[in-house]
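Using the hints, position chains B and C against chain A.
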Amino acid sequence: MAVATVTHPGFAGHAEEPDQLYVETRELRIQGFLLFMVSDLVLFSSFIFAYLYLRNSGQGWPAGGPKLDIALAAINSIVLFGSGATMHFALENWKHGSFTKFANWIVMTIILGAGFLSGQVLEYIHIGARWDSGIFGASFYTLTGMHGLHVLGGIIYLTVLLLQAAQGKYTYTKYTGLTLGTLYWHFVDVIWVVLFSIFYLL
Amino acid sequence: MAATAVHAGGGLADHIHPEPQGFVRKYVFSIDHKIIGIQYMITAFLFMILGGMLAELIRVQLMKASGGLMTPETYNEVYSIHGSTMVWLVIIPLLTGGFGNLIFPVQIGARDVAFPWLNMLSFWIFPVAGLMLYASFLMGAPTAGWTEYPPMSLQGQAGTSMWAAAIFLIGVSSTMTGINFLVTILKMRAPGMTYTRMPLFVWGQFVTAPLLMIATTALGAALAALFMQREFGVAFFDPARGGSPLLWQHMFWFYSHPAVYIMILPAFGMISEILPTFARKPIFGYKMIAFSSCAIAILGFMVWAHHMFTSGLAPALQVPFMVLTMLIAIPTGVKIFSWVATLWGGVIHMTTSMMFAIGFLATFTLGGITGVFLAAVPFDLHVHGTDFIVAHLHYVLVGGSLMGILAGLFYWYPKMTGRLMNETLGKWAFWLFFIGFNGTFLPMHWLGMWGMPRRVAMYDPQFQGWNQVASWFSFVMTAALILVLINALWSMRNGKRSGHNPWNARTLEWQIPSPMPYYNFKHVPSVFAAPYDFAEPLPYRGLEEELTGAPPPVPAAH
Amino acid sequence: MESYEPLPENRDPVVHLDRQFWIVTAVLAVLAALSILWWIWAPITSIMPEAVDKAQEIDALFRFLAASGSALFIFVCGYVLYFSLAFRRHAGTPENAVGIQIHDNNKLEFWWTVGPTVFVVLMAIFSIRIWYGIEIAPGNTLVVEAIGHQWYYTFRYPNVNGEVKEMHLPLGQPVTLHVTSGDVIHSFWIPDMRLKQDMVPGLINTMEFTPTRPGKYEIICTEFCGMFHGDMHSGTKENPAYVYIDQPAQYAAWYARMERQQANASNAITAPASNQLKLAGGDPQAGAKMFATKCSACHALGPFDQRIVGPGLKGVLYDPAHPQLVDGDQATPENVAKIIENGYKGSMGQMPNQTANALSNKDIVNLVAYLKTLR
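Protein chains in written order, with this note's numbering: chain A, 1 to 202; chain B, 203 to 760; chain C, 761 to 1135.
It is worth saying that the hints were derived from the structure and are not from the lab.
Model, not experiment: these values are computed from the prediction.
We put the CB at the ideal spot given by N, CA and C, even for glycine.
Hints should not be assumed to be uniformly reliable.
[Claimed, not checked] Reference listing, derived: stretches of chain A covered by chain B, where coverage requires no fewer than 3 residues with Cβ under 8 angstroms from a Cβ of chain B:
#1 34–43
#2 48–57
[What the hints assert, rightly or not] For lysine-lysine, the following DSBU-like pairs were computed, each having C-alpha atoms within a straight-line distance of at most 30 angstroms:
#3 C/K1122 - B/K266
#4 B/K266 - C/K1054
#5 C/K1098 - C/K1054
#6 C/K976 - C/K925
#7 C/K1122 - C/K1049
#8 C/K1074 - B/K489
#9 A/K174 - A/K101
#10 C/K1074 - C/K1132
#11 B/K389 - A/K95
#12 B/K389 - A/K169
#13 B/K266 - C/K976
#14 C/K976 - C/K1122
#15 C/K925 - C/K1074
#16 C/K1098 - C/K1049
#17 C/K1049 - B/K266
#18 A/K174 - B/K389
#19 C/K925 - B/K266
#20 C/K1132 - C/K1122
#21 B/K489 - B/K389
#22 B/K724 - B/K228
#23 B/K629 - B/K724
[Claimed, not checked] Computed from the model, here is a short list of chain A residues facing chain B with C-beta under 7 angstroms:
#24 E27
#25 G134
#26 I135
#27 A138
Next up, chain A with everything else stripped away, as it sits in the complex:
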């Protein structure tokens, strides 16, 4: 990553300039983004409800449970939670003005996210069920697939944020985009906690 060595323009110039307009726009964006996540949460909740409903309606749920690999999933979870931590460090470092560290941490986050996705692919191969093979396939692949797409989207999102930061779109005090990216990544983590619990622990 070449950007890591660049002295970043975002930290020069109009760093501490008071800007009423900016502050208020930031409030709107944060508020809007939070509400977006609420509605996204409803989307997941609906499918989680569907899963629990189907599982408890007592028809055709695989006897003895499907063969889920809890060890693999646990490792995978740790990878994803680790990426949450690295994302946190990335934002903290941005606040403290270190673009290099920020970039390193965010690259680490992206790598961990990609690692999580690879783990999910392994798990899919391991289970061997199909999306259309019954109600287990329907709920498991739909929910984890949706989550996987969110992780993939998150990786792309973080990459875009990194490039934007490299081009100087954000400053010490104006980094709403980065805050939102971090929020989103944590949100994806939290969803995984729920999915892991209901599929592997329940």
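Positioned in the frame of chain A, the structure of chains B and C alone reads:
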């Protein structure tokens, strides 16, 4: 930005975009909330013409017990698309995207909604989705009604998947609108516009926005699951493969019951604006009306299974759902009583808008009362799935929402065009509509109780007489709506010029010129009280230059 | 524009209601009382008999709801009408006249919140009591199953082999009715019983009641179930969608007959005997008439590709492009008759069988004779 220092906190509100030049940016891909509102209205009224034609096809078919006009298959397509159109392409867009966009940002003293570009996107998804819905006729439209219960909808023709995709898109549009409106009301109110000073129409939008945002997403999940089941064989709803048909009903009604309130709460808001304005009297019980809207919205999320009393809902769940549903009668009753009390002691200007609002009180009350009947499980066991339901839902959606929309159209038309709609034509339209509507749907109450099911292409000949009565009256109702349409088109050019405030109303949108200028306010006003004290001076400061030739504000640099 | 001064709290004037108001209120009260009396004595049963014990209770609840609902409606609409007329602006009223500036009345608002609350509580108690009676089964019941099909009902009785077409119930005997479906969701509604349950595939719903009035009652489907949903009630099909409530002796005789019959020809309905028809001697003209009433909704008389619901039937027995029928069998008159008899379900969609279309064997023979003439 210097000018804004006068009004503390007005920072963002004073930020305006430069006014676009050129037809496309101004009227087609506009980011101005007023243009978008009008776009919504025009599109929704066009869909209303289509949906209304389908409704008349239904009524003509039912004039003969043996059907006769259409094959059962076509008939099933017709009423499915009629229901879907009226719910998703007419009433919800008119109340939220249409009147919501047009009016509420001005009423809170904002210059636009929080995310104008998102607003534009919301709008442009809507006609595309609407055309998709109608395109489903080409591949065999859905036949299982607007509720599309599986397994019937799994057997439906190819258009059923198209239907699911179209409604999903509408849902995305609604969700974005909900987020947009909620942020706008939370963050962009003018200085002094506290929650207890907001006009009640804003309250209507304020409680509707979370419903749009949360419930519609749940519908999206249900539709996505239906689509996956149909197209990729993913077993959610197919009982032959372990799925559950009741799961769809739960997911669908978790949206569609709040959707009922999405379709009525903004209309409540409109009525709460129109009644005090024409009675020249403060709205009675402002706080109770605002609070009851919140109560209805919250309760609205907890009652969805009352649509499933005969579906095989666990007995232990029936009682709580019944009691919670009945509770909704309390806030609704409080609202109706407050509106009636608002009329008392007024100086009532009997304009067309006011007549529609008063008509709303009568018809919505009847729809609300039959709604309470339906909450009682034992009675619901008798009338569920019959014409009684058709009567009830049309009393709240046509007698409630559509009456509200028509009242609002006559009321706010000057704010869109600078001209008044024709009052004589309007009063004719009201009486024809009121008589036609009641004549169409009142008989369905007893038809349903006597044994006439809904969604039938042919029926027991003993019901033919009352069905013919309903059909003939429905022609009267249609004539009234055509009259409103003609009135609206004619008045665009030939209506009397309205001036900025033809009704002597007190909310903010009436204090600026008609039609409203691009930047809404030259200076963002400060607000000192709720807008209903007709004997007092206006509770605003900073509006002195609005009606003068003073220059408009300078757009921000970027 | 005048500048704004804050208003004092409690600025509402003290108001009194005039005599006119109380007169109107009295009139409305009389009307409301009349409507309540009407609903108490309304001759519901002369229009719709109460066939089971639960029907009386549900009617009692309906009378209560309708009485209170219409009283409320009369008051609301009466006041709306009265206020609209009484407080209408007169020609001489100055343009800037305003109404009485009251905002609130805590006492009034309190009572009109408490009033509906009390009413809702009463209604909930009443409803729950009746609901409890509906849900709870008495002991010693006759268990019957009803199964919905597109577009008819069949029934199963204990010790009766297979499914029977008619539902008979003995007077005075508590019944537990299990309802389910063989294909899509149907509904089982007998208006004269005031009871209904959906027939959901994969789910068994239950109704409990005791027949109290002998007679023949219609069963109606109220859940959309496909093309002929509207025909899924009595009177239009050979399949009688009726429930017969018989005297116990009559019922016993019918039941014994069913036991015997069904023992001989098990599953008479689900798998009708095929290829038993003698196709010779059909009347093509009668077939043409029958086609126009029963088949033309879904089948065009054009070529195969001219679909309405099913394929066009021109030259169905002679079409070189389609030497086989849609189920893969040879296009012979016998196989065509088989499809008409048994219906079809497959890649082309589905077609109801002989029973659902209410076709007699003679009709099928005539239809085949008619189809032979199409070339």
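_Hinted pair B/K724 and B/K228, Cα distance within 30 angstroms_ = At roughly 20 angstroms apart (the allowed maximum being 30 angstroms), B/K228 and B/K724 satisfy the hint.
*Cβ contact check, 8 angstroms cutoff: the segment 34–43 of chain A against chain B, three residues minimum*: Since three or more residues must qualify, the claim that chain B covers the segment 34–43 of chain A holds, with 7 doing so at under 8 angstroms.
*When the nearest CB of chain B is found for A/I135, is that gap smaller than 7 angstroms?*
Nearest chain B Cβ about 4 angstroms off; hint holds.
*Given the hinted pair B/K266 and C/K1054, is their alpha-carbon gap at most 30 angstroms?*
holds, 17 angstroms
_What's the verdict on C/K976 and C/K1122, does the C-alpha distance respect the 30 angstroms limit or exceed it?_
Cα-Cα ~28 angstroms, so holds.
*Below or equal to 30 angstroms on CA atoms is what counts here, so check C/K1098 against C/K1049.*
Since the Cα atoms of C/K1098 and C/K1049 sit roughly 20 angstroms apart, the hinted pair holds (cutoff 30 angstroms).
*Given that the segment 48–57 of chain A was listed as covered by chain B, double-check it with a C-beta distance under 8 angstroms for 3 or more residues.*
holds (count 5)
*Does C/K1122 lie within 30 angstroms of C/K1132 when you go C-alpha to C-alpha?*
The hint holds at about 16 angstroms.
*Taken at face value, is the distance from the CA of B/K266 to the CA of C/K1049 at most 30 angstroms?*
holds, 20 angstroms
*Given the hinted pair B/K489 and B/K389, is their alpha-carbon gap at most 30 angstroms?*
holds, 21 angstroms
*Please work out if C/K976 and C/K925 have their alpha carbons no farther apart than 30 angstroms.*
holds, 14 angstroms
*Decide if the proposed pair is consistent with the structure: B/K266 and C/K976, CA atoms, cutoff 30 angstroms inclusive.*
It holds: about 26 angstroms lies between the C-alpha atoms, which stays within 30 angstroms.
Violated hints, listed in ascending order, are 8, 15, 23; each of the other numbered hints is respected by the structure.
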